[in-house]
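Starting from two chains that each stand alone, build the complex the way the hints lay out.
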Amino acid sequence: MSEWLVEGIEADLDAFHLGPVDLALRSGQAVAVLGSSGAGKTTFLRTLAGFLPLQRGRLLRDGVDISDWLPEERSLGYVPQGLGLFPHRTVFGNVRYPMELRGRLDANARTDDLLARFRLTALQHRHPARLSGGEQQRVALARALAAEPELIVWDEPWQALDVEARRELGVVLSDLREEEGIPVVVVTHDPGLAFSLADSFIVLDQGRVRLSGGPLDLLDRPSNAFVARFVGYENVYDRAVLEGGRDHPFTAWLLAAAGSEGVAVGTPVAVPTIGVPSTWEGVVRSARPNPDGVRVEVAVDDLMVAVRLPRPWPARLPAVGERLRFNVDGDAVHPLGTGPRNAR
Amino acid sequence: MSADVSAARARRGRRWRTGPFWVALQVALSGSLLLLFLLPIFALFTYAPLSRIVAAAGNVQVREAIGVTLYASGIAVLASALLAIPLGYLLARKRFFGRAVVESIVGLPVVVPHLMVGLGLFLLVLPGSPLYSFTNAIGFPVSDTIWGVVLVMAVVSAPYTVLASQLSFEAVDGRVLESARSLGAGPGTTFLTVTLPVALRGIVAGLLLTWARAVSEIGGILILAYAIYPGGPYNGPVTSTISVYIYNLFQQGDLADAAAVSSLFLLIAFALFLAVRLAERTGWVPWRRGDLTP
Numbered sequence: 010m011s012e013w014l015v016e017g018i019e020a021d022l023d024a025f026h027l028g029p030v031d032l033a034l035r036s037g038q039a040v041a042v043l044g045s046s047g048a049g050k051t052t053f054l055r056t057l058a059g060f061l062p063l064q065r066g067r068l069l070r071d072g073v074d075i076s077d078w079l080p081e082e083r084s085l086g087y088v089p090q091g092l093g094l095f096p097h098r099t100v101f102g103n104v105r106y107p108m109e110l111r112g113r114l115d116a117n118a119r120t121d122d123l124l125a126r127f128r129l130t131a132l133q134h135r136h137p138a139r140l141s142g143g144e145q146q147r148v149a150l151a152r153a154l155a156a157e158p159e160l161i162v163w164d165e166p167w168q169a170l171d172v173e174a175r176r177e178l179g180v181v182l183s184d185l186r187e188e189e190g191i192p193v194v195v196v197t198h199d200p201g202l203a204f205s206l207a208d209s210f211i212v213l214d215q216g217r218v219r220l221s222g223g224p225l226d227l228l229d230r231p232s233n234a235f236v237a238r239f240v241g242y243e244n245v246y247d248r249a250v251l252e253g254g255r256d257h258p259f260t261a262w263l264l265a266a267a268g269s270e271g272v273a274v275g276t277p278v279a280v281p282t283i284g285v286p287s288t289w290e291g292v293v294r295s296a297r298p299n300p301d302g303v304r305v306e307v308a309v310d311d312l313m314v315a316v317r318l319p320r321p322w323p324a325r326l327p328a329v330g331e332r333l334r335f336n337v338d339g340d341a342v343h344p345l346g347t348g349p350r351n352a353r
Numbered sequence: 117m118s119a120d121v122s123a124a125r126a127r128r129g130r131r132w133r134t135g136p137f138w139v140a141l142q143v144a145l146s147g148s149l150l151l152l153f154l155l156p157i158f159a160l161f162t163y164a165p166l167s168r169i170v171a172a173a174g175n176v177q178v179r180e181a182i183g184v185t186l187y188a189s190g191i192a193v194l195a196s197a198l199l200a201i202p203l204g205y206l207l208a209r210k211r212f213f214g215r216a217v218v219e220s221i222v223g224l225p226v227v228v229p230h231l232m233v234g235l236g237l238f239l240l241v242l243p244g245s246p247l248y249s250f251t252n253a254i255g256f257p258v259s260d261t262i263w264g265v266v267l268v269m270a271v272v273s274a275p276y277t278v279l280a281s282q283l284s285f286e287a288v289d290g291r292v293l294e295s296a297r298s299l300g301a302g303p304g305t306t307f308l309t310v311t312l313p314v315a316l317r318g319i320v321a322g323l324l325l326t327w328a329r330a331v332s333e334i335g336g337i338l339i340l341a342y343a344i345y346p347g348g349p350y351n352g353p354v355t356s357t358i359s360v361y362i363y364n365l366f367q368q369g370d371l372a373d374a375a376a377v378s379s380l381f382l383l384i385a386f387a388l389f390l391a392v393r394l395a396e397r398t399g400w401v402p403w404r405r406g407d408l409t410p
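Here the protein sequences line up with chains L and R, keeping their order. 10 is the number of the first residue of the first sequence in this note's numbering; add one for each residue after it. 117 is the number of the first residue of the second sequence in this note's numbering; add one for each residue after it.
Keep in mind the hints are simulated off the structure, nothing from the lab. Where a beta carbon is used, it is the ideal one built from N, C-alpha and C, also for glycine. Watch out, some of these pointers could steer you wrong.
For each label pair, taking beta carbons as the anchor points, the in silico distance ranges come out as [unchecked claim]:
1. R/Ala144 x L/Gly201: 53 to 61 angstroms
2. L/Asp115 x R/Thr398: 32 to 40 angstroms
3. L/Thr130 x R/Asp289: 20 to 28 angstroms
4. R/Arg209 x L/Asp310: 55 to 63 angstroms
5. L/Glu82 x R/Phe256: 41 to 49 angstroms
6. L/Glu189 x R/Val218: 34 to 42 angstroms
7. R/Asp289 x L/Ala24: 20 to 28 angstroms
This is chain R alone, in the form it adopts within the complex (with noise of 0.2 angstroms):
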């Protein structure tokens, strides 16, 4: 009787789960989510005439901004990988006194206005101030040129790389790590050969977040560097990142050329992102094999 009354139970239960009000639920709370996503981004392009954006492709002003927005986000992310993936490594892998305030300093630049994270670095390097010899005196002067855009972008995204690798580097089974040393694999070897390639999807995924969150920076870029002046690895006119200048189009009140150059980069950054996406459907990437998935 019992075991009827639960058997039952588990029928309508499979029911409930599997039933049309179940999936209407699932759809509209996913649905409400990505036309979130989707209707600013529809503003954008109904805002903006084809034309205009297509104007924006052919204007030079625009193209240096795009141009030295990717040039910056990139070093950025270099300087990410080369900083951060070590940091993830030793918060995955070491226990130490004061780790935990490791971890919240790590997590700082994300919390803090990043206007914030700007006015701290501008403080740094006043004029007359020994970080501000220091900079100038190494060739990296960073007030209004592309070392303190690669500067605000790195401080604000690397800790995405730190926490991905974190992750990634604890989730690496450690009998593998174990295997390959009793194969005859020293510490480095094993770091090299087994934990890095194993904890690299997730370290990648981590660096294009670290990507997307530089390249969508303005606060900190606002207060250090508002204007981009030639020099370092930047040699043409006196420009600005994207969203500076996407800001300042909007300030003046062109709505119309703010939409269309915001359409114009958004195709930009969603090719950069499809194609990435598409690398490690097809398999050519490193960090994709091995998957369980085909």
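Just chain L, same shape as in the assembly (with noise of 0.2 angstroms):
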């Protein structure tokens, strides 16, 4: 399988610009590109596919400079969002199409063993309108699997999918990426299965990379508040908000580790009254149970924090108006914008 290499790439669409973008894909990785509406995540797979004109930069596939190509001839797997089904074909002749135009004289029979894969056998003869959410995904993969890939680049997968359906299509991609080594690039507003997938991320900001790294990265540097909502940190506080409140010595404490856009605190633990030193303390505004334990949300002044009670889950749930005591894990709390590194 190939290896796909971008080159500080950057594009125009209207009065947006996109870039430089930097990406490396070696045979079998996926990458996440993650960012709020408008960062221009589409534009960046779009510009990969070949529909907006490189500005500046390359696109290489195995050392190939193809920034140059046609969308037809780049085999790559664009399956665009609302995937991009043919409203007037089958599901059968959706798989087929891709072997209709590369005159496959096995056609026939290698979309069976394509419908047979992704279970859409008996859905065969279906428009794509009669066609559930996660079926409709299973045969838009396929079919871009029909055209035999060097890389697959989807935007928003597990768009208006149902739990289960988007746990199904998180394997298939998994299994994809392992068993025939295709590359993988995906544009997920779902962090559960962004980390599942991808073994890197780009961040997009206003067209521009903000973050680009491991996991690890990106849960120990967010960077920004959309990153640290996106990767899970419950607790995120725009540095405006925190110099509203200074006096509270929580408050004055965050604003010391905030970065210039403010502060990630991962979501601290409650401990008891009694007995054990703590550091804050504030007043139960709700408590869900939840796998992990009780979700507590504690106001402290003005900040509402999450808290987390671990598990077993108590006798009793902590009632609106107790007063909580938690500690906050100094290596848990991340500037975001730019400024001091860490708290610690």
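Here it is, written out as structure tokens:
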């Protein structure tokens, strides 16, 4: 399988400027492209797929510069948002399409194989409009594979899927890169699947790369509020909010650790009121059990803090208005934007 | 308290929308329109005794007029398909200077009285004009020939195909087309295998409208091809389109025959439309595949 190298690519779409973006993809690797709406994620994928001309930079496949190649020449399985299934063709017709284009004599047999592999045989005579979201995703993937791509580029694969369909598709995509070694680039808003699938991440913000690296880079240096929330930080505070409440010692302590944009704090653990020295205290606003214990929302002055009460679940959930103590691990406090590297 | 009030309001709103008054209003308005469509037809059928309609069906002149009308309108629809679909595609997919002007020109034949269209065409092909010599030289004389009928029909009805195909092409999701490209289809193949089939349903609807408009044309034909002399694909005796034929009967004061021939043609037109709709229902036609509804 091929290796892909994205070297400082830049592209323009109307007034929007993308780049420069760099990326290296080896066989079987998966990259997740993250960013809020309008960050340039789709523009990046469409540029890779050849639908937007490069203003600068190069796109190399196995060392060959394919920057000027047409979309149909790139051997790249691009699955756009909404999947782009052909509404006038059946499931069979959709999956067979790339092989028809190549005049393959075994098109029918190979289509049958792909349909069986993606559990679509029973649905082969249906049109896309009469499939569920999960079924449509499987058709899109089967069709992309029918073109024997050297890279799968997928915009929001998990959009509008229920939990089970997401899990299933995650497994299929993982199998794909492990068994066939096809590298995958996905744009997603789903942290769970991004972390389960991707080896590395690119975070885009207003067309620029804000962060690129592995999962630990994201967790340890969330860089901005979007990434912090994306990777699962529940306590993310804007600098302006902290500056507004600096009278309180907890707020002042956070402000000291904050970067130019604010601070992200890993979920603190609640501690017993007696016997264990603790740092902070707040008033319980809500308490909801989850598989890890109980998630308690605590108000400290004006700041809401999500606190975890570890398992086993208590006989009685903390009541609203009760006081709760918690400890914040200094390693779990991360500045956002530029500023102090860490609160340690 | 306020939640109760808004809930009660919402309940009242639902009752209002689905209540008997609302249903009655809908029935009354829709019924009035349907009545407007049906009453003139009813008048035609009641004025003409059945025996006259049967006699009209057996009348050679009537059959020739109907035949030539269907023939000419068929050619006009084919010409529209050939010329109007590409223009619809151009307007849907390309941004170019003067696009609004082109769109307005396309709308012109629809908005101006068709007598004017006929007059304009008539002046263009006056004996001695370059176009007169040219059309005669290539074997397409238009004055008082079936080609003249086709010309008028095409000019006044092709805008419907342009508009319908423009809307249909615009409605094709660009991401579907990008998928096709990425799967290996060049621009031409993408157009033939994806764009055109997906847009086909709307285009066919436009062609049906075009055909209906062509068949019902009279204004331009009165001027350019009032009588149709043999020539080109038509080799029968001198005849006219069915609309002109009925107009003549009316002018002669023969109301019963005018109503009988009208009724006969109505039945034929209705049968043709019904056949197309039934074919669409059964899914035999390619442009209805992949519908949301079964």
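The hints, checked one at a time:
1. Checking the proposed 53 to 61 angstroms range against R/Ala144 and L/Gly201 shows it holds: the Cβ atoms sit about 55 angstroms from each other.
2. Range check, L/Asp115 to R/Thr398: Cβ separation about 33 angstroms, and the 32 to 40 angstroms hint holds.
3. Separated by about 27 angstroms at the C-beta atoms, L/Thr130 and R/Asp289 satisfy the suggested range of 20 to 28 angstroms.
4. One distance hint, 55 to 63 angstroms for the beta-carbon pair R/Arg209 and L/Asp310, holds here, with the actual separation near 59 angstroms.
5. Between L/Glu82 and R/Phe256 the C-beta distance comes to about 45 angstroms, which sits within the given range of 41 to 49 angstroms.
6. The given range of 34 to 42 angstroms is broken by L/Glu189 and R/Val218, whose C-beta atoms sit roughly 50 angstroms from each other.
7. For the hinted restraint 20 to 28 angstroms between R/Asp289 and L/Ala24, the CB-CB distance of approximately 24 angstroms keeps it satisfied.
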